[in-house]
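Visitor: Line by line, the protein sequences give chains U and Z. Counting in the working numbering, the first sequence runs from 1 upward without gaps. Counting in the working numbering, the second sequence runs from 1 upward without gaps.
Wrong hints could be hidden among the right ones.
Which bits of chain Z does chain U cover? Going by a derived footprint, with three or more residues having C-beta under 8 Å, they are [unchecked claim]:
hint, segment
1, 102-113
2, 118-125
3, 128-142
4, 148-162
5, 223-229
6, 247-256
Keep in mind the hints are simulated off the structure, nothing from the lab. Glycine is no exception: its CB is placed at the ideal position from the N, C-alpha and C atoms.
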Amino acid sequence: MRAGHRRSDGPLALAEVQRALATLATNEVTRDRLRDEPESFARDFGLAPGELAQVRAIGERRMLAYVDSLQRKRLAEAVRLLPLSARADGPAFRGTFLRHARRVPLAAGKARYVRDVLAFARNATVTLSPSPFDKLRATSPRSTTVTLSLSKGDLDVAPALRELLDYEAAWLRAAFAPALVRVRVYAFPVQRVARAVARGEPWDGLARRRTVVIWLAAGGRRASLALG
Amino acid sequence: MVAAAVVAAAERRALPVLGAGYSYRRAYRPETYAHRARIGVLEIVAEHFMFGDAESDRELDLLAEHFTLVPHGLDLSLGSADGIDEAYVERFAALVERVRAPWWSEHIAFTRAGDVRIGHLAPLPFTEEALDVVARNLEAARRRIGDVPCALENIAAPFVLPGATMSEAQFLTQLVERTGCGLLLDVENVSANAVNFGGDPEAFMDALPANSVVQLHVAGGEWIDGSYVDSHARAISDSVWKLVESACRRFPVKAIVVERDERLPPFAELLAEIECARAIGEATGRWR
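Only chain Z is shown next, with the shape it has when bound in the complex:
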C-alpha cells in the first residue's frame, strides 16, 4: 500500500507541466486559434465531443493538432452506487485515446441513480461506503481507459448529506491514497463550500496531502437566492485568485484551467484571466 502510494506520487510528479488555459467553448473558436501561443492547455468537456458526428470529430482533431487537450467528464458518475455506465466509459476512453491526453478528469459526485439521470453533479456522503464506490467505479473505468492518469475534482456542494464519518478533506485524502489519482482542485468550489457551509479554505487545503493536487480549476460565481453558486458566469474574484496563489505555493500544480460557461465575456477578458493564472504559476515557481 505504501509502496503503491509512493509510485503514484512519483507518477503525479512526472506529469507534464501544461501551464494556464481554459475550458474550451466553441463560441471562442477563432480567438482560441488566434491566441494559441498564450494558451498552454485546453480542457474539453468530454460530452461535447464523445457523441460527436464527423464535423465534431474534425474539430476535435484540429484542436488536438494545436493544443494539449485534457478531457473533462461531467457524467461518468464515479459516485454511483449502481456502478458506471459501460457504454459511456467506452466513448470516454475513445476520446482520451483520440486526443492523446496527458491525463483526464472527472468529478467526485454522482449524476445517475437507477434509471434517473440528474444532468448535474450531486454530492456524496463522506463515508467509507462512498469511498468504496468511487474506488470501485474508478477501477472499472481505468480498465477501459488504460494507463492515462486521472485527476478527481471536488465539487461545489448544493447540499450536505448527513451521516458523514469524515471531513471532505479526509475523504479526498483517502481517495488519493486508495486510487493513486491526483486531485483537480476547484478553488472556486472550495471557496463556495466555505461560504455556504462554513469552514476555512486555507485550512481545507492544509489538510490535503502536499503532493496530491495536479490541476486547478478557477471560475467566478454569484449569489442567487441567498446561496453562493458556482455558476461560472462571472469574473474571478480577488479572494479566489488569492486562493489560487496559495494552492500553487502548496501543491505541485501542473495546469490551471479557467472556466466560463455563462454570460461569456469578450475573449480578451477571458485571456486576461488566463494570463493572470499563468503569472501566478510563474511567480510560485510552477512553470516559466
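Only chain U is shown next, with the shape it has when bound in the complex:
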C-alpha cells in the first residue's frame, strides 16, 4: 500500500510500520536517516505523514535503548560461547564485540548466535595469516567463505588474543559442524594461552612458538591435535 492512499490520522498500518521499526532496530544508517531526512525515510517505508509522526514519537532515546538491549543480548551469547577470549580480553571484549554488532546484523534461523559469534571471530581475526587450507578454500568455486564487511584490522585485538579467539571459534565450529577437518597455524602456543586464561594465570607474556592445530569432527565426535 502506498502512503498517499491511506488516511494519515488513523491507526498505524501495521506491515509498513513493522518494516520501518525492524529496520530501525537493526540498521544504524536507517536510524540516522529517520533523524536527518525523515521525509525520505517515510517514502522508503511507505509511511503516511501521520505514521511517520507516530514512529518518530517513539523517541530516539527509547529506540537506542532497545538497540542496546539487542546488542547486549548478542554480547551475552558471545561471552557464553567464547568464555576464554572474553575473560582474556576483559572489559575490552564488550567494546570489540559491540563494534561488530553495530555493523553486522544478527543471522536468522538455526544456531544464529553461534553464527553471529563465528562472524565476529572472523572479523576480529581477519589479520591472521591464512593457512594453506584457507587459501585453497578461498579459491574453490564451492567456497563458503563470507566476504568480510570490515576493513582489515578494524577490530583491534592483540595478536595472541586474536589467536585465542580464532582457536576458541574453531572449537565452536567443530562442535556444531556435522563433519569438519580444520587446520590452523598459529604464531603463539595457543593451547598454552587457553590453559593459562582458564586457570587465571598470566598469558600475555608467553613467547611466540609456531603451533599447528588440527580439528576433526564427524558423527558427533570431535578431536584436536596440536603440533609445535
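Based on the hints, put chain Z in the right spot on chain U.
Guide: Only chain Z this time, still in chain U's reference frame:
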C-alpha cells in the same frame, strides 16, 4: 462466541497443575537432574532445541523422560503483519509433539518484518488490526501444532507504539476471548512496564479475565541508562514476589517458571527461587 469462550475457559481449567520450575539452561544440567524431585516443570526455549543435531535431540529426549517440558517460543513472531514463517512453525510443532508438551507458549510481539529479523521482541500497537494479525497467525500456527493448548505472554515493552485504541489489559482480554488461549503472565514484565511507562500492576491484573492466566513467569531485572530492563540477570525482587502472590490469588495458575538468562548464579540460589515460587503456589491453594 460465548459458547466457544466457555469451552476455552473449561479447557484452561483442565490443564494439569505443574507447580514451580525454571527455564532450562544447559549450564545447570547436572544440578537439574540432581534436584529433579524439586522441579515441577522445565520450560525449554524452543530455539535451543528445534534446530538441534542428534546430540541435542538426545538431550531433549532425556529431559522429556525426567521432566514435564513446556516449549517456549521466542521467534514465532505471532504479531508479524506479514504472517508467520511456515518452516519455523513446522519445526516448532515437531518439538511440541516430541516432548508431549501439556501446552506451549509464545510472546505477543513481532520479531520479524519483511526480510528483517530483529532477534528480539518488539511491541505491537494495541489496535484491532494487531488483534486480527495475532489471531490470524495463531490460527495458522495451530493448524500445524494441533490441539495442544497455547499460552500467550505479555512482553516488557522497550517502547510504546502510539495509535493505541485500547489499553494493554483490554488487548490481552480480547485476545483471550478471540483465540481461547490462556495467558502466560510475566509478572516481571508487568512490573517493568509500570515502572517505565506508569500504571499500577495490581490494577492491570484486575483488568484481566479471572480465568485467563495459566502460567506465570518471574525474573529479576535491573536499571540500565535510566530505564528498568527485564534482563533476567538479577535475583527476583520482593516487590515482584508480592505480585506473584497476588497473581496466584487471582488466577488459576498451573505453573510458575523462574527465568534467569545472564549472570547465572550458583544453582542453589535458583533453586531457592523455585522453592519460593512453589511455596507461594501452595500458600495460595494452587497446588500442594
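Visitor: So which of the earlier hints does this model not fit?
Guide: Per hint list: single violation, 6.
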